[in-house]
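Engineer: These are the residues of each chain, in order.
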Amino acid sequence: MLVALLLVTQYLFSLATQHSPTLSPYYTHLLWLNIIGIVVLTVLISFNLIHLYRQHRRSKLETSLTWRLLGRFALVSIIPLLVIYYFSSQFLSRGIDSWFDIHIEQALDDALMLSQSSIESFKKDLVTKVEANAQQFETHNNTLEIIQLLDEQRESNDYQEISLIDLSGRVIASSQTDPTKLLPETLPESILGLLRREEQFSKIEPDESGGIRFRIVVPVYNLNPNIPTRILQVLQPLPNRYARLADNIEAATVGFAKLEYLREPLKFSFILTLTLIVLMTITMVVWIAIFLSRRLSAPLRELALGTESIAKGNYDTQLQVTSDDEFGILTESFNDMAKQVKLAQRKTQSAKKRAEEEHTYLDTVLRHLSSGVMAFDKRLHLRTANQATETILRIKLEEAESSPIKDLEAKFQWLSPITEMVQSCTDQKLEVSEQELTLYGPSGRQVLLCRITPLPVHGWFGGGCVVVFDDITTLIKVQRNAAWGEVARRLAHEIKNPLTPIQLSAERIRSKYLNQLPIEQRATLDRSTRTITQQVESLMQMVNEFANYARPVEMNPIEVDLNELIGDVIELYRNSQQVVNYHLELDGSIPMLMLDTGRLRQIMNNLIINALDALENSDDPTITITTTLAGKGDGWVEISIQDNGPGIPDNLLDQVFEPYVTSKPKGTGLGLAIVTRIVEELGGVIRAYNNSLGAMMTIALPYRLLASIQEKPDQKGKQ
Amino acid sequence: MNVHRAKGLLCLFVLASLVGITPACEGAGFTINNVATKTDDRTLHVYPDFDLMLSQEVKKAIGHGIPIHIVIEMVLTQRRPLLWDSDISHWHFPMTIRYHSLTRQFIVVNGITNIITNYPTATEAITAIGSRELFSLQLDRPLSIADVQYSLKMRVRVDDRLLPIPLRLHTFTDQDWQLNSTWTQWPIIN
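Note that the protein sequences, when read in sequence, are chains A and B. Residues 1 to 719 (my numbering) make up the first sequence, in order. Residues 1 to 190 (my numbering) make up the second sequence, in order.
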């Protein structure tokens, strides 16, 4: 509406500029109206542009296209406008300048001069005529005569008005052509002054009708000296045929002079009008450009907002189709796409829910499995492990998950058999591998039955392997105990049973026939029966010892100071016949431990006896006993017995803990085997090796299993 | 800045700019030195003392055939104690000065009586206009001066509406065309 109003005012302004009689008086008002209108439109445009800019800063998504369209529309319109303006203003300026040809000006000046000369010449003739007329009044003093003479002179000379006036300016008599004119023309004082000085006065002056008339004023002398000098005034218009020409020349000259004077203002006003038109057009163009660009970009903006809404997850977004052009088609396509996306999203959510349920089910199954399950990806990073893994291997899953296998090995060193197995199977690309592994961890010695299965490669997440393991430590122990028990029972039954009758038979034979035999045969009988009895006893002893070895190790742990117990054991040996130097390096930080004192004494006795046997022929026999607490919690309590003997024979070093392996002529070979069983029952590990000093026996017992109730790490952790 | 506040400031700026380029009311050339009045039943006799001078540019314009229309405006007002003055009557006395190139005379035309007087120079013409000593204004009813306070507002101005359109713009910006006198107010005593 504002634009329409401006157009109307601009039209009226242009009419006023073209000297419309109705609108010309309001030229200034229309000018100001146009300027105000342009300013208002500019202000509105500015506010719109500011608003658009702020929208752009808030979200480029909504206004980038609008700005581009606006810029292009405005550019396409304004540049040609400016070009037209420039050339139009130049054309206007030069066109106006071309009106003022120097020849025209010269011609008009010459015509004016010619007219003035003609008129001057006419005036001179008239002056001569009037002077002659004045002489006729020299002898006439009667008013009636004067009036009559005036009329005659007026009619004969075709004067407009002839008057006889005295020197004071009073009209004596007058004769006029116009009967309606009551009073004759009076003389101004300046002219009267001239006449008083006896000078004549002649003037060409414009009359009321716009034409030219002559005013000739001459003195009238009287022959009668008593009558003062009078004045004769004649008013004579320029004859018609000259008057018309004079008027034309006057009009042309004035018109040209006016135009020449208005040359620059005219140029300015035309250029101002042109400028206002151009300004108004530019503002209208920009205004329309804003409107059009908004309208054109609105559908795209809606689409962009709709896309953003869908990207944020609002799949119910549907846009209104407002046109049936390409934008309408695009909007419909968008709506279809949104529906498809919503449908796909629903399916995805449903599939995801199912997958989550499956995962939860699988997770529940895994969690409740008693077997440990660890899944490694193709980079051998631990992807998944179930609760049983944590329980069996004594590791924290949150520390282990996603760790590479090497980090696992570094963090939980007791897992090295498993990690080596995994690495080995992966390197060799084995299909399935099953192994029995022995771990020495916080739970002590554990025997795990591990089965590795490689995972098929499917897409991005395939590959790797699954390790399933069961702790068969207890099972093996039970099986071994059962096996050994069965062997012992059978041995006891099959060997001990016949041994008793053999021994009894030998003793009966000895008792019955020893005194009946000749003296020279008695010694043989005595020796033979004695041998049979001794060997039977030896066999019985061997069977008993084996039965002891095969018997399950029963533990009755009590709270014991390990160092004190070791000290007591050593004290007994200090007083024995064999002279040995005993050095005790006992770790005072070892707290009270839950141990079976009898079994521990048995261990210490067997080991010390072995050391003493090795030091039989030694010059300076020394036995060093060391206790060390290598960390609480998942640490170990170590007991070491070092002797300075010849060491364990190399060929026996690998078998020294097996039953019936001995380097001593009289040994049963079960001492270390029994020690090993007790140590294993305690969850520990025993090692034997030679060093520069001699033989070293080291027992490592898991602290976790031996800690007293006050020191139990689990309970401490709970505290 | 709040958008509404920005709009208000911008409008204020535009108005101030318009005021800045509005033609000045202070006249340069026409001065009303004094005005004496005398009432006579339904006639108000006004005895003004004008001082009218044309600038060189205006004289040049007249010499180039541009007629200058001068208007002597008078307004009879009644003073009211609580409200603004009430305008009772208006009078306009137009006079035109133009140049006759053939006779080389400056013509003064009385816009009311159409009487033409000629002068050899524009200065004499404007002086003649300013030398008028009496204006007799006809009233609708006699003035009750005893009861009411009356005053006469007067000014002399160039009627720019009758100037050629290209020249009208100059009257706003060219000091030589700033001839109008201010409104002057003269009490009517008797």
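Because the hints were derived from the structure by calculation, they are not lab data. Hints may contain errors.
Stated by the list, open to error - Subject to a maximum C-alpha distance of 30 Å in a straight line, what follows is the list of computed DSSO-like cross-link-like pairs (lysine-lysine):
{"no.": "1", "chain 1": "A", "residue 1": "LYS258", "chain 2": "B", "residue 2": "LYS60"}
{"no.": "2", "chain 1": "A", "residue 1": "LYS312", "chain 2": "A", "residue 2": "LYS353"}
{"no.": "3", "chain 1": "A", "residue 1": "LYS396", "chain 2": "A", "residue 2": "LYS347"}
{"no.": "4", "chain 1": "A", "residue 1": "LYS339", "chain 2": "A", "residue 2": "LYS378"}
{"no.": "5", "chain 1": "B", "residue 1": "LYS153", "chain 2": "A", "residue 2": "LYS203"}
{"no.": "6", "chain 1": "B", "residue 1": "LYS60", "chain 2": "A", "residue 2": "LYS267"}
{"no.": "7", "chain 1": "A", "residue 1": "LYS123", "chain 2": "B", "residue 2": "LYS60"}
{"no.": "8", "chain 1": "A", "residue 1": "LYS664", "chain 2": "A", "residue 2": "LYS496"}
{"no.": "9", "chain 1": "A", "residue 1": "LYS181", "chain 2": "A", "residue 2": "LYS123"}
{"no.": "10", "chain 1": "A", "residue 1": "LYS129", "chain 2": "A", "residue 2": "LYS181"}
{"no.": "11", "chain 1": "A", "residue 1": "LYS258", "chain 2": "A", "residue 2": "LYS123"}
{"no.": "12", "chain 1": "A", "residue 1": "LYS396", "chain 2": "A", "residue 2": "LYS378"}
None of the values given here were measured: they were computed from a predicted structure.
Engineer: Now tell me, hint by hint, if it's right for this structure.
Structural biologist: Hints, verified against the model:
1. A:LYS258 / B:LYS60: OK: LYS258 of chain A and LYS60 of chain B at ~10 Å, within 30 Å.
2. A:LYS312 / A:LYS353: Roughly 20 Å separates the two Cα atoms, so the pair holds.
3. A:LYS396 / A:LYS347: Not satisfied, since the Cα-Cα distance of roughly 37 Å exceeds 30 Å.
4. A:LYS339 / A:LYS378: violated (39 Å)
5. B:LYS153 / A:LYS203: Distance of about 40 Å is beyond 30 Å: violated.
6. B:LYS60 / A:LYS267: holds (19 Å)
7. A:LYS123 / B:LYS60: Within the cut-off at roughly 28 Å; holds.
8. A:LYS664 / A:LYS496: Judged against 30 Å, a Cα distance of about 25 Å means the pair holds.
9. A:LYS181 / A:LYS123: holds (24 Å)
10. A:LYS129 / A:LYS181: holds (24 Å)
11. A:LYS258 / A:LYS123: holds (28 Å)
12. A:LYS396 / A:LYS378: With Cα atoms ~22 Å apart, LYS396 of chain A and LYS378 of chain A stay inside 30 Å; holds.
Consistency with the previously given hints fails for numbers 3, 4, 5, ordered from lowest to highest.
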